[in-house]
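S.K.: Residue-level listing of the chains:
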Amino acid sequence: MKILVCISKTPDTTAKIAFTDNSTKFDTNGVQWIINPYDEWYALVRAIELKEKDSSAVIHLVNVGSADAEPIIRKALALGGDEAIRVNADSHDSFFVASQIAEVAKQGNYDLVFTGKETIDYNGSSIGGMVAELLDLPYVSLATKFELSETKATITREIEGGEENCEVELPVVVSAQKGMAEQRIPNMRGIMAARTKPLKVVEPTSVTPLTNVSGFGLPPAKAGVKLVSPDNVEELVRLLHEEAKAF
Amino acid sequence: MSVLIFIDTNEGHVKKASLEVMSYGAKLADQLGTVAEGVALGTVTEDLSALGKYGVKKIHHVNNDVLNHFDAQVYTKVIAQVAEKTGAAVVIFSNNVDGKAIAPRLSARLKAGLVSGAVALPDTANGFTVKKNVFSGKAFANITINTAIKVIALSPNAYQVKTGGGSAEVVPFTTNVEPGKIKVTNVTKASGEVPLTEAEIVVSAGRGMKGPENWGMIEDLAHALHAALACSRPVADAHWRPHNEHVGQTGIAIAPNLYIAIGISGAIQHLAGVNRSKVIVVINKDPEAPFFKAADYGIVGDAFEVVPKFTEAVKKLKGS
Ligand SMILES: Cc1cc2nc3c(=O)[nH]c(=O)nc-3n(C[C@H](O)[C@H](O)[C@H](O)COP(=O)(O)OP(=O)(O)OC[C@H]3O[C@@H](n4cnc5c(N)ncnc54)[C@H](O)[C@@H]3O)c2cc1C
Chain P
1 MKILVCISKT PDTTAKIAFT DNSTKFDTNG VQWIINPYDE WYALVRAIEL KEKDSSAVIH
61 LVNVGSADAE PIIRKALALG GDEAIRVNAD SHDSFFVASQ IAEVAKQGNY DLVFTGKETI
121 DYNGSSIGGM VAELLDLPYV SLATKFELSE TKATITREIE GGEENCEVEL PVVVSAQKGM
181 AEQRIPNMRG IMAARTKPLK VVEPTSVTPL TNVSGFGLPP AKAGVKLVSP DNVEELVRLL
241 HEEAKAF
Chain E
248 MSVLIFIDTN EGHVKKASLE VMSYGAKLAD QLGTVAEGVA LGTVTEDLSA LGKYGVKKIH
308 HVNNDVLNHF DAQVYTKVIA QVAEKTGAAV VIFSNNVDGK AIAPRLSARL KAGLVSGAVA
368 LPDTANGFTV KKNVFSGKAF ANITINTAIK VIALSPNAYQ VKTGGGSAEV VPFTTNVEPG
428 KIKVTNVTKA SGEVPLTEAE IVVSAGRGMK GPENWGMIED LAHALHAALA CSRPVADAHW
488 RPHNEHVGQT GIAIAPNLYI AIGISGAIQH LAGVNRSKVI VVINKDPEAP FFKAADYGIV
548 GDAFEVVPKF TEAVKKLKGS
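First to last, the protein sequences are chains P and E. Residues 1 to 247, numbered by this note's numbering, are exactly what the first sequence covers, in order. Residues 248 to 567, numbered by this note's numbering, are exactly what the second sequence covers, in order.
No lab work stands behind these hints: they were computed from the structure. All residues carry an ideal CB built from backbone N, CA and C; glycine is no exception. Errors might be hidden in some of the hints.
[To be verified] Heads up, simulated BS3-like pairs for lysine-lysine below, C-alpha to C-alpha not over 30 Å straight-line:
1) P:245 - E:565
2) P:222 - E:378
3) P:245 - E:409
4) P:226 - E:565
5) E:430 - P:2
6) P:152 - E:436
7) P:2 - P:245
8) E:305 - E:324
9) P:51 - P:106
10) P:25 - E:324
11) P:222 - E:532
12) E:358 - P:106
13) P:2 - P:222
14) P:145 - E:430
15) P:245 - E:563
16) E:324 - P:152
17) P:16 - E:540
18) E:532 - E:562
19) P:245 - E:324
20) E:540 - P:51
21) P:245 - E:532
22) P:200 - E:358
23) P:2 - E:358
24) P:145 - E:532
25) E:532 - P:226
26) E:409 - P:152
27) E:532 - E:436
28) E:532 - E:563
29) P:2 - P:51
30) E:428 - P:106
31) P:51 - E:428
[What the hints assert, rightly or not] Examples of chain E residues lying across from chain P (beta carbon under 10 Å, computed):
32) 383
33) 462
34) 464
35) 497
[Stated by the list, open to error] To give an idea of the interface, some chain P residues facing chain E are shown, with a C-beta separation under 8 Å as derived from the structure:
36) 21
37) 57
38) 215
Input sequences plus hints: build the corresponding full structure.
M.R.: Okay, here's the thing in structure tokens:
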């Protein structure tokens, strides 16, 4: 049983969002970096739980990024990954990243590829689907539960206004979200062990990105709150109806 | 050349998100000097030709039972064939649950650049640049697509539904559809409720409600407004409410017309998922709650007193 977990580096959720170079680059000044929460809390932890049930399972991590992603990769190893592969490239666009991951996946012959449902910086929700297409594998997105018996996965996924249970034979690509697992904190033993776990660096395959970022911007600030007295709730409803035309 | 729109259905009914995508696609087709066409998969119980009023001229209907269960791999193959046959220059999805699964697959299959979570019409004056949300709604990015074919997944509630077109020509599209590898065993739907991502009004509550036993008044307000329910993360973590109601940076991102936040402090991670709402109302007993800075309207007061009055006032307004 070989599991590949995709790990992305994102700014901390409280990071100040600002841009430099004429609004073409994210300002990384003072930013703390974390593992994308969906990758860490749900995809990785679920993979670790599967390994806890089946000790023959191995978990590989893959990151497409420069050397400054290594601290977060080490953290993922400390949580319980066995081995990591870093594709040494800046992430140009989702197709570029997905192509690199697909290449790693092909070479490693994985039974299961886990991604988070999206990254909290680019919000693309596209890596899982693209990887699945490039590998010609089935894709179950937005999974909230994942069980395995032998080579059959039983998965619950979100659909509009409800959920769906499905079964699929491995190999499969799955994107994970809340419900799959609970966040864990790496322990001392894990942190020590992570230092000596293999972290392989491979060079990217040549892929032309399909898109590029031409600029960033910030949403306009709110005009300010209009306060209504708690003794006059009818006035709020009137404002919402007549002024804001909200219903 | 055409603009091809994926018409997403649920048990044979066209989703509201698809009406937005058709309106958006029709406008884009105008802008590019071409026509908007649709593709619908599986059994559709509605009259497809009536969708012409949203601006689509022709709808390719692949009426094959295999397609009555959603499988991104199978759907992608079929949509790719339709796109090829119609010479689609742009293929548009809603960035809803289904769109998030198919659009990236189609993008990789056709090597067509994708922008997911688009919030505005593309700027086609000089290239093809689409505005999308990034950093969970804290910023936006303009993404330029450099390939001949483009794929866009439009954020729900980002584009107004527009009518005015005539009737669409419905043409059957036959192709051999191989069943997918995913076997759906059970579907559970909260019937009668408004799906959170499609809802125009969302009533959301946080830890200020003290416990799950106090949600009755929240449900009453939501009911009076035909709103969907949401909650903050600690509320879902404590199992006061189901996970699928958790909104925010690590939950569901929404952009309704009206978001009513009750007993929620307005932490940065919460705001990230809801700050694209057009109008935000905050009810909180703490005048210093950060949420007031992101709000349009607010009441500083005790939710337990304000919410029932709110519901009464809404009922009175709607009754009259
Ligand atoms: C990495 C990370 C990701 C996160 N992601 C999310 C996310 O996606 N979504 C999310 O919501 N949070 C998220 N959080 C948590 C977030 O930081 C806050 O802790 C959380 O949003 C607080 O929830 P709350 O507002 O319900 O509770 P509290 O912060 O406890 O606020 C309760 C509020 O209720 C008010 N109140 C109390 N009693 C009453 C009353 N009787 N009437 C009126 N008002 C009352 C109080 O004044 C207070 O403002 C995340 C945190 C981290 C670190």
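S.K.: All hints are to be evaluated individually against the structure, with a verdict given for each.
M.R.: Verification of the supplied hints:
1. For a cut-off of 30 Å, the pair hint linking residue 245 of chain P to residue 565 of chain E stands: about 13 Å separates their Cα positions.
2. With a CA separation close to 20 Å, the supplied pair residue 222 of chain P and residue 378 of chain E stays within the 30 Å bound.
3. As the CA atoms of residue 245 of chain P and residue 409 of chain E are separated by approximately 18 Å, the hinted pair is consistent with the 30 Å bound.
4. For the hint linking residue 226 of chain P to residue 565 of chain E, the alpha-carbon distance of about 23 Å falls within 30 Å, and the restraint holds.
5. A hinted pair counts as satisfied when its Cα atoms are at most 30 Å apart, and residue 430 of chain E with residue 2 of chain P qualifies at roughly 23 Å.
6. With a C-alpha separation of about 25 Å, the suggested pairing of residue 152 of chain P with residue 436 of chain E holds against the 30 Å cut-off.
7. At most 30 Å may separate the alpha-carbon atoms for a hinted pair to count; residue 2 of chain P and residue 245 of chain P exceed this at roughly 54 Å.
8. Proximity of residue 305 of chain E to residue 324 of chain E is assessed by CA-CA distance (about 20 Å); at most 30 Å being required, the pair is judged to hold.
9. Proximity of residue 51 of chain P to residue 106 of chain P is assessed by CA-CA distance (about 21 Å); at most 30 Å being required, the pair is judged to hold.
10. Taking the CA atoms of residue 25 of chain P and residue 324 of chain E, the gap is about 36 Å. The hint is violated against a cut of 30 Å.
11. The suggested pairing of residue 222 of chain P with residue 532 of chain E holds, with an alpha-carbon distance near 21 Å, which does not exceed 30 Å.
12. Taking the CA atoms of residue 358 of chain E and residue 106 of chain P, the gap is near 19 Å; set against the 30 Å cutoff, the hint holds.
13. Restraint check for residue 2 of chain P and residue 222 of chain P: not satisfied, since their Cα atoms lie roughly 49 Å apart, outside the 30 Å limit.
14. Annotation: proposed proximity of residue 145 of chain P to residue 430 of chain E holds, straight-line Cα distance about 15 Å (limit 30 Å).
15. As the CA atoms of residue 245 of chain P and residue 563 of chain E are separated by approximately 17 Å, the hinted pair is consistent with the 30 Å bound.
16. Among the hinted pairs, residue 324 of chain E with residue 152 of chain P is consistent with the structure: their alpha-carbon atoms are about 24 Å apart, no more than 30 Å.
17. In summary, the hint linking residue 16 of chain P to residue 540 of chain E is supported, as the alpha carbons are separated by about 16 Å, within the 30 Å threshold.
18. A distance of roughly 24 Å separates the Cα atoms of residue 532 of chain E and residue 562 of chain E; the hinted pair therefore holds under the 30 Å criterion.
19. A threshold of 30 Å between alpha carbons decides the hint, and for residue 245 of chain P with residue 324 of chain E the separation of about 43 Å lies outside it, so the pair is violated.
20. Taken as a hint, the residue 540 of chain E and residue 51 of chain P pair is broken in the structure, with Cα atoms around 45 Å apart against an allowance of 30 Å.
21. At roughly 25 Å between alpha-carbon atoms, residue 245 of chain P and residue 532 of chain E fall within 30 Å of each other, so this suggested pair holds.
22. Restraint check for residue 200 of chain P and residue 358 of chain E: the C-alpha separation of about 29 Å stays at or below 30 Å, so the hint holds.
23. In summary, the hint linking residue 2 of chain P to residue 358 of chain E is supported, as the alpha carbons are separated by about 28 Å, within the 30 Å threshold.
24. Between residue 145 of chain P and residue 532 of chain E the CA atoms are separated by roughly 37 Å; this puts the pair beyond 30 Å, and the hint is violated.
25. Between the alpha carbons of residue 532 of chain E and residue 226 of chain P the distance comes to roughly 15 Å, so the proposed pair stays at or under 30 Å and holds.
26. Between residue 409 of chain E and residue 152 of chain P, the direct Cα distance comes to roughly 45 Å. Violation of the 30 Å bound is thereby established for this hinted pair.
27. In summary, the hint linking residue 532 of chain E to residue 436 of chain E is not supported, as the alpha carbons are separated by about 35 Å, beyond the 30 Å threshold.
28. Simply put, residue 532 of chain E and residue 563 of chain E have alpha-carbon atoms about 25 Å apart, close enough for the 30 Å limit, and the pair holds.
29. Between residue 2 of chain P and residue 51 of chain P the alpha-carbon distance is near 10 Å, which keeps this suggested pair within the 30 Å criterion.
30. At most 30 Å may separate the alpha-carbon atoms for a hinted pair to count; residue 428 of chain E and residue 106 of chain P meet this at roughly 19 Å.
31. A distance of roughly 25 Å separates the Cα atoms of residue 51 of chain P and residue 428 of chain E; the hinted pair therefore holds under the 30 Å criterion.
32. Because the smallest distance between the Cβ of residue 383 of chain E and any Cβ of chain P comes to about 5 Å, under 10 Å, the interface hint for this residue holds.
33. Annotation: residue 462 of chain E was flagged as interfacial toward chain P, and the flag is violated, the nearest CB pair being 19 Å apart, outside 10 Å.
34. Nearest Cβ of chain P to the Cβ of residue 464 of chain E: about 13 Å, over the 10 Å cut. The hint is violated.
35. Annotation: residue 497 of chain E was flagged as interfacial toward chain P, and the flag holds, the nearest CB pair being 5 Å apart, inside 10 Å.
36. Proximity of residue 21 of chain P to chain E is violated relative to the hint, the smallest CB-CB distance being about 14 Å (cut-off 8 Å).
37. Below 8 Å, beta-carbon pairs count as interface contacts, and residue 57 of chain P has none with chain E, the closest being about 22 Å; its hint is therefore violated.
38. A cut of 8 Å between beta carbons decides the hint on residue 215 of chain P: the least distance to chain E is about 5 Å, and the hint holds.
Hints 7, 10, 13, 19, 20, 24, 26, 27, 33, 34, 36, 37 from the list above are not met by this structure, while the remaining hints are.
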